[in-house]
Amino acid sequence: MLLLLISSIGAGFLGSLLGLGGGLIIVPILTLIYHVDIRYAIAASLISVVATSSGAAASYLKDSLTNLRLAVLLEIGTVLGAVVGFLIASYVDSKVLFLLFGVLLMFSGFMMLRKREEHRSSVNHPWAEKLKLNDVYPDGKGNLIPYKVEQVPFGLIAMFGAGILSALLGIGSGIFKVLAMDGAMKLPIKVSSATSNFMIGVTASASAGAYFLRGDIVPEIAAPVSVGIIIGSYFGAKIMMRVPSQLIRRVFVVVIFIVSVQMILKGWRA
Amino acid sequence: MELRISYLLRYGVLASGLFLAIGWFWLWMLEGNLLDSFTSYERKPLAQVIHHAVETSNWAMLISLLGLAILVLLPVIRVLLTGVLFTVQKEKILAGMSYFVFMVLVFSFFLGISH
Chain A
1 MLLLLISSIG AGFLGSLLGL GGGLIIVPIL TLIYHVDIRY AIAASLISVV ATSSGAAASY
61 LKDSLTNLRL AVLLEIGTVL GAVVGFLIAS YVDSKVLFLL FGVLLMFSGF MMLRKREEHR
121 SSVNHPWAEK LKLNDVYPDG KGNLIPYKVE QVPFGLIAMF GAGILSALLG IGSGIFKVLA
181 MDGAMKLPIK VSSATSNFMI GVTASASAGA YFLRGDIVPE IAAPVSVGII IGSYFGAKIM
241 MRVPSQLIRR VFVVVIFIVS VQMILKGWRA
Chain B
1 MELRISYLLR YGVLASGLFL AIGWFWLWML EGNLLDSFTS YERKPLAQVI HHAVETSNWA
61 MLISLLGLAI LVLLPVIRVL LTGVLFTVQK EKILAGMSYF VFMVLVFSFF LGISH
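One line per chain: the protein sequences are A and B, in this order.
Numbering of the first sequence is given in this note's numbering, commencing with residue 1 and proceeding in unit increments.
Numbering of the second sequence is given in this note's numbering, commencing with residue 1 and proceeding in unit increments.
Treat the hints loosely; a few may be bogus.
What follows is a set of in silico ranges between Cβ atoms, one per label pair, in the way DEER data are often shown [to be verified]:
hint	chain 1	residue 1	chain 2	residue 2	range
1	B	Leu30	A	Ile33	21 to 31 Å
2	B	His52	A	Ser90	16 to 26 Å
3	B	Ile113	A	Val123	41 to 51 Å
4	A	Val123	B	Gln89	25 to 35 Å
5	A	Lys238	B	Ile22	17 to 27 Å
6	B	Glu55	A	Leu247	51 to 61 Å
It should be emphasised that the hints constitute simulated quantities derived from the structure, not laboratory data.
Quick caveat: nothing in here was measured; it's all calculated off a predicted structure.
Don't be surprised by glycine CBs; every beta carbon is placed ideally from N, CA and C.
Given the sequences, and given the hints that come with them, work out the whole structure.
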């Protein structure tokens, strides 16, 4: 079990280094290496997601990058999605969970390779106008840059989908959130990342609570995983600035592809 | 005030982490390597687990469960406090949205009991 703690620290470390959630790393580790049933793995992963997000929420707000108003609006989508995801999960076969997870992981790998352009919108969607979702963010050089928010309804629907995936697969769905905010709603990437990270804890808790009361979150697994991921991501965040991320990303993308194929195979064969 | 909510969260995580660490370590000392019992899924409602732990005075388990419970509740508390924050700022729509999210979260917990 000590090994599990150490692996979780590693997972948290890597996750925070690469901007990936711990969930995407820990579920394969738990299922492929430790042979834990995927449902326990998903539940344990969810609670660790809650832990990291809640622990880091303070820093996200402090940076003035998180758009709290937008987060609250989008959380409506994610928690509703998470509830649906939880309900579906009981009817979905474990095989399908493996397949889905593998595909998602592969998708994340592609996303990591994609080039990110900085962009801002100068157009506000009517809902954004009404709720004053547009805001400013610090660009790191001492300037405050204003941005506006587009495509609010689409963002909400995307969040609903992200919520379903979160509850189903035990992840934070940060990738989808950032995709929706960055790609569709045209938020600056730093704002998308910070807001997404902020929202993740709420999304995860929407299903974590249910899994917990159902008894799927078992301390024997969840405790070392959560503690490990918290410790790992703390250190990962600290050294994140000093490490040449490009190289690590490339190596990790390869690992991700290998693991995703393994997850898919596991789902296919079982 | 938003910042203070987040600091509350952070300390909450630390507190729960402490409970979890203690509880887990204790469990480990008591029962050794248990991972093998989880290779296949078996439905065991939390209420049952708690009941059994209380009957056998399994404090290690109870402390671990407490740690997990705190963790799960933290975002829920955060959302509620955010709602209060918006109410104070007289932002009715945003407050309403926060409270709605809060209610969905509470509702989701009950789903775990029946499903």
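* Has the hinted range 41 to 51 Å been met by the Cβ atoms of isoleucine 113 of chain B and valine 123 of chain A? -> holds, 46 Å
* Range hint 17 to 27 Å (beta carbons of lysine 238 of chain A and isoleucine 22 of chain B) holds or violated -> holds, 25 Å
* To do: Indicate whether the distance between the beta carbons of leucine 30 of chain B and isoleucine 33 of chain A respects the range 21 to 31 Å.
  => The hint (21 to 31 Å, Cβ to Cβ) holds, given that leucine 30 of chain B and isoleucine 33 of chain A are roughly 25 Å apart.
* Between glutamate 55 of chain B and leucine 247 of chain A, does the C-beta distance stay in 51 to 61 Å? -> Given a distance of about 54 Å, which is inside 51 to 61 Å, the answer is holds.
* Indicate whether the distance between the beta carbons of valine 123 of chain A and glutamine 89 of chain B respects the range 25 to 35 Å. => Because 26 Å falls inside the window, the suggested range holds.
* Asked: So does histidine 52 of chain B sit 16 to 26 Å from serine 90 of chain A, Cβ to Cβ?
  -> holds, 23 Å
Hint compliance for this structure: every hint is met.
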